[in-house]
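Top line first, the protein sequences correspond to chains A and B.
Heads up: the first sequence begins at 14 in my numbering, then just goes up one per residue.
Heads up: the second sequence begins at 289 in my numbering, then just goes up one per residue.
What the hints contain is simulated information worked out from the structure, not anything from laboratory work.
Small disclaimer: the values here were computed from a predicted structure and weren't measured.
Warning: the hint list may mix true and false statements.
[As the list claims (entries may be wrong)] Short, incomplete list of chain B residues facing chain A, as computed with Cβ under 7 Å: (1) H339; (2) G350; (3) T354; (4) Y360; (5) Y363; (6) S384; (7) H390; (8) F391; (9) R392; (10) G395; (11) R398; (12) A429; (13) D453; (14) D454; (15) P533.
[Unchecked claim] Negatives, chain A to chain B, calculated, CB over 12 Å: (16) G29; (17) P37; (18) L51; (19) A82; (20) V96; (21) P131; (22) E225; (23) D292; (24) R295; (25) D326; (26) K335; (27) S338; (28) R344; (29) G383.
Ideal Cβ positions, reconstructed from N, Cα and C, are used throughout, including at glycine.
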Amino acid sequence: MRTEVSTYQMIAGDDGSPIQLLSPDGARHPHERYDRFLQDLDGENGKELLLKIYEDMVVARRIDAEGTALQRQGEVGLWPPFVGQEAAQIGSAYAIRPDDFIFPSYREIAVAYVRGVPLADLVRQWRGSANSGWDPYEFNMAPSQVVIGAQTLHAVGYGMGVLFDGAESAVITYFGDGATSQGDTNESMVFAASFQAPVVFFCQNNQWAISEPVGIQAHVPIALRAPGFGIPSVRVDGNDVLACLAAAREALERARSGNGPSFIEAVTYRMGPHTTADDPTRYRDANELEDWKERDPISRFEAFLTTRGILDDAGRARVAEKADSVGAALRDATIHMPDPAPEALFEHVYAGPQSILDRQRDHFGRYRAGIEAGAEGGQ
Amino acid sequence: MTEMTFAKAINAGLRRAMERDSKVVLMGEDIGKLGGVFRITDGLQKDFGAHRVIDTPLAESGIMGTAIGMAYRGYRPVIEIQFDGFVYPAFDQIVSQVAKLHFRTLGRVRMPITIRIPFGGGIGSPEHHSESPEAYFVHTAGLRVVSVSNPQDAFSMIQQAIACDDPVVFFEPKRRYHDKGDVDESAGLEGPAGLGMDTARVAAQGTDVTLVAYGPLVKTCLDAAVAASDEGVSVEVIDLRSLSPVDYPTLETSVRKTGRLVIAHEASQTAGLGAELAAAITERCFYYLEHAPVRVTGFDVPYPNSRLETHHLPDLDRILDGVDRALGRPNSLSGIEEGEE
Chain A
14 MRTEVSTYQM IAGDDGSPIQ LLSPDGARHP HERYDRFLQD LDGENGKELL
64 LKIYEDMVVA RRIDAEGTAL QRQGEVGLWP PFVGQEAAQI GSAYAIRPDD
114 FIFPSYREIA VAYVRGVPLA DLVRQWRGSA NSGWDPYEFN MAPSQVVIGA
164 QTLHAVGYGM GVLFDGAESA VITYFGDGAT SQGDTNESMV FAASFQAPVV
214 FFCQNNQWAI SEPVGIQAHV PIALRAPGFG IPSVRVDGND VLACLAAARE
264 ALERARSGNG PSFIEAVTYR MGPHTTADDP TRYRDANELE DWKERDPISR
314 FEAFLTTRGI LDDAGRARVA EKADSVGAAL RDATIHMPDP APEALFEHVY
364 AGPQSILDRQ RDHFGRYRAG IEAGAEGGQ
Chain B
289 MTEMTFAKAI NAGLRRAMER DSKVVLMGED IGKLGGVFRI TDGLQKDFGA
339 HRVIDTPLAE SGIMGTAIGM AYRGYRPVIE IQFDGFVYPA FDQIVSQVAK
389 LHFRTLGRVR MPITIRIPFG GGIGSPEHHS ESPEAYFVHT AGLRVVSVSN
439 PQDAFSMIQQ AIACDDPVVF FEPKRRYHDK GDVDESAGLE GPAGLGMDTA
489 RVAAQGTDVT LVAYGPLVKT CLDAAVAASD EGVSVEVIDL RSLSPVDYPT
539 LETSVRKTGR LVIAHEASQT AGLGAELAAA ITERCFYYLE HAPVRVTGFD
589 VPYPNSRLET HHLPDLDRIL DGVDRALGRP NSLSGIEEGE E
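So that you can see chain A by itself, here it is in the shape it has in the complex:
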């Protein structure tokens, strides 16, 4: 057993406040610990990457708006908006290497977009065309997880596998403030610490678990829990894309270099409903949303880039155009997505044949053939 408990601390600003590299007005604060993780963003060479991050944030918000609109129009059954969480998702996503593996919750649609997942696959499960979108092994990203916190254990098991393979990759798992109350999330931290699994726990504390404010889940900053498990943690401003990028890079490098798990609490805000089936006006104050709009992750980053002379009106227009075209492509992919064939009911339940299911499939086929024959006979 390790005894040097001082290793396991929560890194945060004064009084536990989240670490911030960009203030809401876009001013950049130097940071002794984290600036070294952002050196590639300095100077001329960094401009392209900064603009790409900005573009992805704007495009992701457009994808999110389109998803909500498609739900309102009946083209998808449900959509879990992530508006307001673009910095947390995209900042962390830019720290992930292709050989790293991601275990998301259901809201990490911007992470999947950055990972290169095709637009149709972002929406496939929400339209009900399948229970997941992309091939996990093509993008090294598990399908979205609906059971709260369940994926954190999968991440740790995968990380144990990475460790036993002697590989130098990391695993990152995303979850929300609500998930930190789940047994699985706590068990996953026990296992991660015991086996020193190369896992980054990335908690987006968006203040709300449907209607329950974070105070119902935690009486102290969520990041404070991890050191108790023997996992170092950091509390960052989740609406500050540079802080999220830096913290994720530090944690992922720690994991890849054999120094075990880390925990990041990104303090952000769910500006939309929990899902399109939710109505936040029943439980939260409109003023709260207005306050958080002042801290909007995109306008903050935009102000920073503009001040630095990296982004101008022409650049903004180009990105807006890109967002519109992605939105249109997403809509097009969604409304033209074919329904699965009825027989898909029986596919992939098992990897091999299963006699009971084969019989049911056969009976279903006979039933359908009979119905179709009857319909033809009636014409």
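Using the hints, position chain B against chain A.
Below, chain B without anything else, positioned relative to chain A:
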């Protein structure tokens, strides 16, 4: 042929599977140095190392959930749930994740995980150590569920379960762990009889009644068949082996011959496996049946304290009573069962 205990046969099967495939890892509580509370994994950590025989923290959902992550990474985990009554903390990960991931991912992610559960009563244990939770898992699509009744099947079927690309819940009758039997270790994966994992086995031939059981009650049923033969009743005993899927062709062949079906299990009756077998055989063999299917099961009570368990568990006499009911011979319910002659 080597004579060995049931426990040793599973141990030998695990060893064989680990030698065959370096991706096979064992995970569970106390399975390392101790060799498991039933010593099923005895000596395996010493021979294969702590990365292949993994002592985990005491958290069943954690064991199951991390095994899923290992399977994502290409491993073939075999997890040990220490006792039947401790599987419930892992229930969500089994039912909502292990069982569904292949379907969820359209076949892209396989879950070749074996979930070993010592189950059943008869060992005088405190609460939570004697349960028969198989129906929960049989009811869950995406899982395969098997139970073994003898050392040879234990040796062969644990290897088949591990080699299977689907998740398999593997129920071990803990009260039979010390029973001895001949094991042919040289036979292939499917054992000397060449039986696939989802095949039932006719354990004793007979012509008057078909008696179906699995796991711990197969031995009891074989004893019942011997006792019945003394009274001139010929009982065919079928060892189900696979609980999901059930090998109905083997059952149908037998019931079409005998016209009578008795099902025995330790688990409670309502919505138990016996209900499914009775319904399915009635659907499939209705015109061959001479009597309604009869169930001889544990009662619909929480598993009782040990000094009551002999009354709860179907034993030789209760099974014979069930055989008498199926045959319309005088039995404990004579005169009160509707339609009884």
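These are the hints, each one checked on the structure:
{"no.": "1", "hint": "H339", "verdict": "holds (5 Å)"}
{"no.": "2", "hint": "G350", "verdict": "holds (4 Å)"}
{"no.": "3", "hint": "T354", "verdict": "holds (3 Å)"}
{"no.": "4", "hint": "Y360", "verdict": "holds (5 Å)"}
{"no.": "5", "hint": "Y363", "verdict": "holds (6 Å)"}
{"no.": "6", "hint": "S384", "verdict": "holds (5 Å)"}
{"no.": "7", "hint": "H390", "verdict": "holds (5 Å)"}
{"no.": "8", "hint": "F391", "verdict": "holds (5 Å)"}
{"no.": "9", "hint": "R392", "verdict": "holds (4 Å)"}
{"no.": "10", "hint": "G395", "verdict": "holds (4 Å)"}
{"no.": "11", "hint": "R398", "verdict": "holds (5 Å)"}
{"no.": "12", "hint": "A429", "verdict": "holds (6 Å)"}
{"no.": "13", "hint": "D453", "verdict": "holds (4 Å)"}
{"no.": "14", "hint": "D454", "verdict": "holds (5 Å)"}
{"no.": "15", "hint": "P533", "verdict": "holds (4 Å)"}
{"no.": "16", "hint": "G29", "verdict": "holds (29 Å)"}
{"no.": "17", "hint": "P37", "verdict": "holds (38 Å)"}
{"no.": "18", "hint": "L51", "verdict": "holds (31 Å)"}
{"no.": "19", "hint": "A82", "verdict": "holds (26 Å)"}
{"no.": "20", "hint": "V96", "verdict": "holds (26 Å)"}
{"no.": "21", "hint": "P131", "verdict": "holds (15 Å)"}
{"no.": "22", "hint": "E225", "verdict": "holds (20 Å)"}
{"no.": "23", "hint": "D292", "verdict": "holds (27 Å)"}
{"no.": "24", "hint": "R295", "verdict": "holds (28 Å)"}
{"no.": "25", "hint": "D326", "verdict": "holds (44 Å)"}
{"no.": "26", "hint": "K335", "verdict": "holds (30 Å)"}
{"no.": "27", "hint": "S338", "verdict": "holds (28 Å)"}
{"no.": "28", "hint": "R344", "verdict": "holds (24 Å)"}
{"no.": "29", "hint": "G383", "verdict": "holds (19 Å)"}
The structure agrees with every numbered hint stated previously.
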